[in-house]
Amino acid sequence: MEALALPSLNSLPVSCSNLKKRGFANYPRRLHHCKFYQQSTFKFNGTHRSHFNVIKMQSDSNDYELKQMRDMAAAKKRWDSLIREGKVKVLMPREAGYAIQLSDKTLLDVRPSTEHKKAWVKGSTWIPIFDFDDKLDPGTLSRKVASFMMGGWWSGVPTVSYNSRFLTEVQEKFPKDADLILACQKGLRSLAACELLYNAGYRNLFWVQGGLDAAEEEDLVREGPQPLKFAGIGGLSEFLGWTDQQRVAGAKEGWGYRLVYSARLVAVFLAADVLFIGAQQLGHYIQELRSH
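Going by UniProt numbering, the sequence shown wraps up at 292, each residue one higher than the last.
Worth double-checking, as some hints may not be accurate.
What the hints assert, rightly or not - Dumping the calculated SDA-like pairs for lysine to any residue here, alpha-carbon to alpha-carbon at most 25 Å:
#1 Lys76 with Asn163
#2 Lys173 with Ala99
#3 Lys77 with Tyr98
Said to hold, decoys possible - DEER-style ranges, computed between Cβ atoms:
#4 Ser164 with Glu223: 24 to 30 Å
#5 Glu223 with Glu172: 19 to 25 Å
#6 Ala74 with Asp137: 25 to 31 Å
#7 Glu172 with Met69: 20 to 26 Å
#8 Glu223 with Thr168: 22 to 28 Å
#9 Val90 with Ala271: 43 to 49 Å
#10 Arg70 with Asp179: 31 to 37 Å
#11 Trp126 with Leu289: 55 to 61 Å
#12 Glu172 with Leu275: 48 to 54 Å
#13 Gln281 with Thr168: 56 to 62 Å
#14 Lys252 with Gln287: 51 to 57 Å
#15 Glu172 with Lys67: 29 to 35 Å
#16 Tyr98 with Pro227: 18 to 24 Å
#17 Lys87 with Ala279: 20 to 26 Å
Just so you know, the hints here were simulated from the structure itself, not pulled from any lab data. Don't be surprised by glycine CBs; every beta carbon is placed ideally from N, CA and C.
Hey, can you work out the whole structure from these sequences and the hints?
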């Protein structure tokens, strides 16, 4: 979509967990995208050419960031309007649970597969609006590298792209007068999906505010190996137990729960020390070989 209309999101990575850094805590944003320039097109020596590329990449990243912030502001106005005018009804997770059980409304789960496979609501229908991007073309690889370097290693957020069949799949399964409750992990992508479906003619749309992150275990009937709140975490932060969700769980579970993650932290430091010492020893060994 233009100004965050969905087609323009195709093949662009989305990271909902990093929004707070730019003040858009309640709306989705795409990750930085750096354009890599072919070094062979420049006549400078290697050092100058490298510096020029870094400057160009930073400039492109800043321009792209500014464009995304403008897109988010435009999207915020549209989504606020949908809710304010009653075109999309707002439900809290517990209210959504009641509506599913008592009114036979359908929960439409629009999360990517990486989140859905960890936990899902029993009886829900899964059609991702964005899903894991497994392509290996140069553009996708550059986005994956940028995503990893800008926090993906810590948060575990994968590179995703717009599912061009989302609307088609929804239309194949649900008539325009169906009551649909849309949910994602944080309540961001589901709001974008609400806009897309409303524009396609769906009029009985309900949005789960805060997403499944805001749901308590008793609010919705869960299936899957992990709690609903844990479906959106990953990376090194999850391994070390440093996510907000794990801190809350640790406060409830007590010292036994925290001890597991404390042990993992100690193991990470020990492994880092071993690698550092090993690298030093290897460096000394290589120097000795050269001296002989």
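Each hint, compared with the structure:
| no. | hint | in the structure |
| --- | --- | --- |
| 1 | Lys76 with Asn163 | holds (21 Å) |
| 2 | Lys173 with Ala99 | holds (20 Å) |
| 3 | Lys77 with Tyr98 | violated (30 Å) |
| 4 | Ser164 with Glu223: 24 to 30 Å | holds (28 Å) |
| 5 | Glu223 with Glu172: 19 to 25 Å | holds (24 Å) |
| 6 | Ala74 with Asp137: 25 to 31 Å | holds (29 Å) |
| 7 | Glu172 with Met69: 20 to 26 Å | violated (35 Å) |
| 8 | Glu223 with Thr168: 22 to 28 Å | holds (26 Å) |
| 9 | Val90 with Ala271: 43 to 49 Å | holds (46 Å) |
| 10 | Arg70 with Asp179: 31 to 37 Å | holds (34 Å) |
| 11 | Trp126 with Leu289: 55 to 61 Å | holds (57 Å) |
| 12 | Glu172 with Leu275: 48 to 54 Å | holds (51 Å) |
| 13 | Gln281 with Thr168: 56 to 62 Å | holds (59 Å) |
| 14 | Lys252 with Gln287: 51 to 57 Å | holds (53 Å) |
| 15 | Glu172 with Lys67: 29 to 35 Å | holds (34 Å) |
| 16 | Tyr98 with Pro227: 18 to 24 Å | holds (20 Å) |
| 17 | Lys87 with Ala279: 20 to 26 Å | violated (59 Å) |
When the structure is compared with the earlier hints, violations turn up for hints 3, 7 and 17 and for no others.
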